[in-house]
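One-letter residues, chain by chain:
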Amino acid sequence: MIICINKKMKKPNYMADFMTNPFNLSFPEIEERSRRIRKNIIRMNSRAGAGHTGADLSETDILATLYFHILRYRVDDLNNSDRDRFILSKGHGVGGYYCTLAEAGILNESLLDDYLKKDSHTPGHPVRQKTPGIEFNTGALGHGFSVSVGLALAAKKSRRDYITYVLLGDGELEEGSNWEAAMSAAHFKLDNLVAIVDRNGLQLGDRTEDIMSLEPLSDKFKSFGFEVTAANGNNPEELAMAIKSTLTRSGKPHVIIANTIKGKGVSFIEDKPKWHHKVPVGDEVYSAIKELGKK
Amino acid sequence: MKEEIRDSFVKELQEIKKSNDQLIVLVSDSTSTCRINPFLLENPDSVVNVGIAEQNMIGIAAGLSLGGFIPVTANAACFLLGRSNEQVKVDICYAQTNVKLVGLNPGFAYGSLGPTHHSLDDISTILAFGGIDIFVPSDPEETRQITKYAINKDGPVYIRLDSFSAENIHGDSYSFQPGKSVVLREGADITLIALGTMIHEVLAAEEELKKTGIQADILSVPSIRPLDPEVIIRSLKKTGSVITLEEHSTHGGLGSIVGDIILENQLTCGIKKIGVPAGEFAEASPRSDLKEYYNLHKEGIIKSTLDFLNR
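Protein chains in written order, with the numbering used here: chain A, 1 to 295; chain B, 1 to 311.
No lab work stands behind these hints: they were computed from the structure. Since the model is a prediction, treat every value here as computed from it, not as a measurement. Think of the CB as a built atom: it goes at the ideal place given N, C-alpha and C, for glycine as much as any other residue. Heads up, some of the hints might be wrong.
Stated by the list, open to error - Computed beta-carbon distance windows for the label pairs:
(1) Gly51(B) with Phe18(A): 34 to 40 Å
(2) Ser267(A) with Gly279(B): 52 to 58 Å
(3) Pro44(B) with Ser223(A): 25 to 31 Å
(4) Asn20(B) with Lys220(A): 37 to 43 Å
(5) Asn80(A) with Pro226(B): 53 to 59 Å
(6) Ser81(A) with Lys153(B): 19 to 25 Å
(7) Glu209(A) with Pro44(B): 25 to 31 Å
(8) Asn80(A) with Gly279(B): 28 to 34 Å
(9) Asp260(B) with Arg74(A): 55 to 61 Å
(10) Ser165(B) with Phe18(A): 55 to 61 Å
(11) Gln129(A) with Lys18(B): 47 to 53 Å
Unchecked claim - Under 10 Å between C-beta atoms, here's a sample of chain B residues computed to sit facing chain A:
(12) Ile60
(13) Gln96
(14) Ile262
Using the sequences and the hints, build the whole thing.
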């Protein structure tokens, strides 16, 4: 594993015997991290000439909230068995994932330059054998939820208190395997499992509701036995409040419907289906970075 | 004494569980298929039944392995590699999770239930995936040894496990070696190579073949991957002709593997592949009738051998 903490990073703080979030940043600080992550996404994708820009920008605030406020882990001990687990089921959002890991000092920022290059540590979908901090290989949709059920079940069976978080794309929920996972999460009473749906309303081809209706999504999860909370997925404070509300142990698994804007932060990318896997070029890069530079 | 090799598998799991608390078994409503009840009674918290949801079973197994367990999945081979094909490829093989997949009742073991339940493509499918070992036991002792090896090994394993009552065909000193094929009889006229429990039919045919003056080299291939071809090459060089026998498509199974060995080593060796011909489904018929139809029974093996050698 390659672990390199960026020198410019604010160093993580660890309490001696407890697994905590190593940063525990305030919400304005998380928003600032999100802006930096988004700029890196724009730079990285335009440099690579490929990537899922819309998906990366959609999930940024969710990832920043998790890595800088919620997840309990140690940057210097990524395999600690008591760490919270995070699975990016929507594996095509790997660009946002890498940039978040780099921002947290888990991934050397120079590896972002190698995105999509031959034999790089930053390939086009997450690979746990290749990249520090990546928990699981995803990219084929509809896998991460079941894997997360297994992780949460392992915690229950071995009486450990780590929490498993999984980020699902909304279009991804069209894969039936997710509903097998949902059924089993409720059956096994996995209240230590938090599924977050990046509900931006778009998928590769068009709007989710035009291609295959997901609504009423909350009711679907409720009927499967989940505790469901809706939140603005582009607002770290609201999102963090929603996630913290899941820490109660009710015997039910949790879903956060994180309402997001695909392409968030760059006006000409926002909410446009064509930006699912389009990358900025030329003046678009300049415009995007300039816009993200605004407070 | 005969023993159902699924029972041999479960007995070994019971034994391993005594000293390995991380072992956990997953079934997809396939409790009876894998005859797991003796293990379940002793270890009720170590069997996870996910219901009829094979994709979910494989994903959960991968997650349990990330959480420190050694998951063993046990369900019908047809559903394992049919329904959860992508989960096996990605969650197990690509992600290199420490999961052991046991595909039960392969070939046309389900006979009259038909092609929905036949598994004639599991070897060819999983051979095309990277990063997973493939074992096919043929008798109770070999089943126990392969089960033990698979669980002790760190990494993905597929075991093709038949529903078959058999006596041990290996001697008391037999020790399963990954990669090694096993010479069960020695002869110079022809090589007969069988997959899994098919070896019992070949051994049954041997006595009759002897009476016709044919001495056969008889090989079993319990380790499909890894596979050291040395034992097979030595036999093919000696006999110059080989018949492969398998309850599997002749495309991508044992026959294809032996054919590749002949080609890659530039051997002068005739080959006849006996199985379900590529591009065909086996009909919904009793297993014994299907074995007879495809010459995968004693009489068929004798006839095929005589025909192949122009006797």
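Next on the checklist: Tell me the hint numbers this structure goes against, listed in increasing order.
Outcome noted: When the structure is compared with the hints, numbers 5, 7, 8, 9, 11, 14 turn out to be violated.
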